[in-house]
Amino acid sequence: MTPLTLTDAIERYETAIVALEVAGEGLSAEAVLEVLVARSLVQQAINHFPRATVSELGDRLWAMITRRKRRSRYRDWQRLVNRLDTRLNKQAVYINQAVKLEDWQVLLPAPEREWLRLLETPQVSSWRDRFDWLWQGLSISLLSVALSLLIGIATRFLEGGTDALGAFAVIMPTVVGLLTGGGALTKTGRQAMEHILGSLRIARHWWDEIFCGLSALFLLSMVGFWFALPQIAVMYSQSADLAYQEGQLALAEYRYDRALKLNPAQLDIHYKLGRLYEDLTQLDQAALEYQVAVKGGREGEAYKAYDRLARLYILEGSAENYSKAVSLLNEGLGVALAKNDTATMYAIYTNLGWARLLQERYGEAREGLQRAINLAPERAPAYCLQAQVLEGSQDPIAAMAAWEQCLRFANQKDPDEDLWIGLALKRLRIEMKSNET
Amino acid sequence: MKPSVSIPLALALVLMAQTSESQFSPRQPIAEMIRVQGKVEISSQGQSTYRPVKLNERLYHGDLIRVERGSRGVIRCQADATTWTIPADGLPRGVANTCSPPSSR
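As they're listed, the protein sequences go chains A and B. Residues 111 to 547 in my numbering are what the first sequence lists, from first letter to last. Residues 65 to 169 in my numbering are what the second sequence lists, from first letter to last.
No wet-lab data here; the hints were simulated from the structure. Just so you know, these numbers come straight off a predicted model, no measurement behind them. One should not assume that every hint holds.
Below, in silico cross-link-like pairs of lysine to aspartate or glutamate (EDC-like), each with a Cα-Cα straight-line distance of 20 angstroms or less [stated by the list, open to error]:
hint : chain 1 : residue 1 : chain 2 : residue 2
1    : A       : Lys-543   : B       : Glu-132
2    : B       : Lys-103   : A       : Glu-546
3    : A       : Lys-543   : B       : Asp-153
4    : A       : Lys-523   : B       : Asp-144
Sample of chain B residues at the chain A side, in silico, Cβ under 7 angstroms [unchecked claim]:
hint : residue
5    : Gly-126
6    : Leu-128
7    : Val-138
8    : Thr-149
9    : Ala-152
10   : Pro-156
11   : Gly-158
Think of the CB as a built atom: it goes at the ideal place given N, C-alpha and C, for glycine as much as any other residue.
Taking the hints into account, I'd like the entire structure generated from these sequences.
Take a look at the structure:
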């Protein structure tokens, strides 16, 4: 293409721009093409201007004479082109709407593409982007709370070893947390998230809102998980009950312990742990667990700890412990849940009778034991204790009858009853010998 | 009371009695006498007297067995099929001393 003179090129460029301005939003591709060609010609003319004039004239002297005039004219043209470029730039939005400039710019030779920057659509920032700082701040706050909860949950599951359920319960939220937190807080994570969002063709101005939404979702799931911990604790407790019934005491202990870590407010687990430690003959540990169960509340089976703890006090001996046992048992008698549990009421009255027997307060002992016998006439402990009370009350005939009843129902698998079986046989043997003589 | 009223009432009472009997099943034996040699006696629950025990007799929670010197009595627990030779010293022993009741825990 033969370059036009700069003046002609500028005139054509101006005409094309006027046409653009008139067309406004209803711009045609042809009009755009015309302005591109015109501007390209201007660029060509500018690029060729100094060399052309010098080669055409070839006269150094003339150049010296006209240098000032040429410079002045060149500056005028430059100003004019700049003004026209400004006008073109104002039409850039409409031009970009009318055509896809990326496809067209390859048609232009490289040195003449520079001016195309004029047509780059100005980055229109969405009004939503003005609140990006808010979304980013909110994301960080939400993630901080969620991660704190995650740490709290993970600690409860991981403390003292973990099992398959615990590992799963920790790994899942941790992975989600790392994905969400990494996406929002680390550069690499951010780039990865941007790549994902970009490939999903989600507009850039929504990205911070989406990060914030994901953070909120993560926090919600963590809050949900946190509030589900008591339910998970119940599951652990129930599976521990099964293990206990099957005689797997170590497994039962581990599960009770885990249930307590997940929900320290589930106080009846202390009772169950106490019972388990009693089976393991760790009586001090058992007493500690019963004490917590008794002090903490009366939910679930915690009320059963009253008679268990009282029995341990009685076994410890000493007048002080007997008094503690009596006090505890009287307290247990007032517990509503205990009143509806015959086995517990039996144990409370029996232990009350036992403590009174050891205090040598036989009248009160007899009363408690009789109440126990009335509740469960086919159980041994109250008879065995009643026999001792009757002996203490100097009523040997009635005592012998009670010892016989004790022997009828006692089972040697129970340590207390085994002891009383031995006592009963001893008394009966003495009685038999005295009858023989 | 008219017969037309009393007969259905009696039937209802009989039915109720049978229902309650099936709901609260009679006591389950916890052991069986598998060897009796010499003087071996039993005092069933609720009785104060002793009578000779029979071979293969079912034994219940609350029963007492007494084996005289020179005699021999062996029982077998239902729950775990363990056997127990009752000491031959003339002292009573509860069947429950060794054999656990059906619902011990």
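Evaluated hints:
About 14 angstroms separates the Cα atoms of A:Lys-543 and B:Glu-132, which keeps this hinted pair within 20 angstroms; it holds. For the hint pairing B:Lys-103 with A:Glu-546, the CA-to-CA distance comes to about 18 angstroms; that is within 20 angstroms, so the pair holds. Pair hint A:Lys-543 plus B:Asp-153 holds up; C-alpha atoms about 11 angstroms apart against a cutoff of 20 angstroms. Simply put, A:Lys-523 and B:Asp-144 have alpha-carbon atoms about 13 angstroms apart, close enough for the 20 angstroms limit, and the pair holds.
Because the closest C-beta pair between B:Gly-126 and chain A is about 5 angstroms apart, less than 7 angstroms, the hint holds. Here the hint on B:Leu-128 is kept, as its CB sits about 6 angstroms from the closest CB of chain A, short of 7 angstroms. The beta carbon of B:Val-138 is not positioned within 7 angstroms of any beta carbon in chain A (closest approach about 17 angstroms), and the interface hint is therefore violated. A hinted interface residue such as B:Thr-149 counts as satisfied when its beta carbon comes closer than 7 angstroms to some beta carbon of chain A; here the least separation is about 15 angstroms, so the hint is violated.
For the restraint placing B:Ala-152 at the interface with chain A, the shortest Cβ-Cβ distance is roughly 14 angstroms, beyond the 7 angstroms limit, so the hint is violated. Among the interface hints, the one on B:Pro-156 holds; its C-beta lies about 6 angstroms from the nearest C-beta in chain A, closer than the 7 angstroms criterion. With a cut of 7 angstroms, the hint placing B:Gly-158 at the interface with chain A holds, because the nearest CB-to-CB distance is about 5 angstroms.
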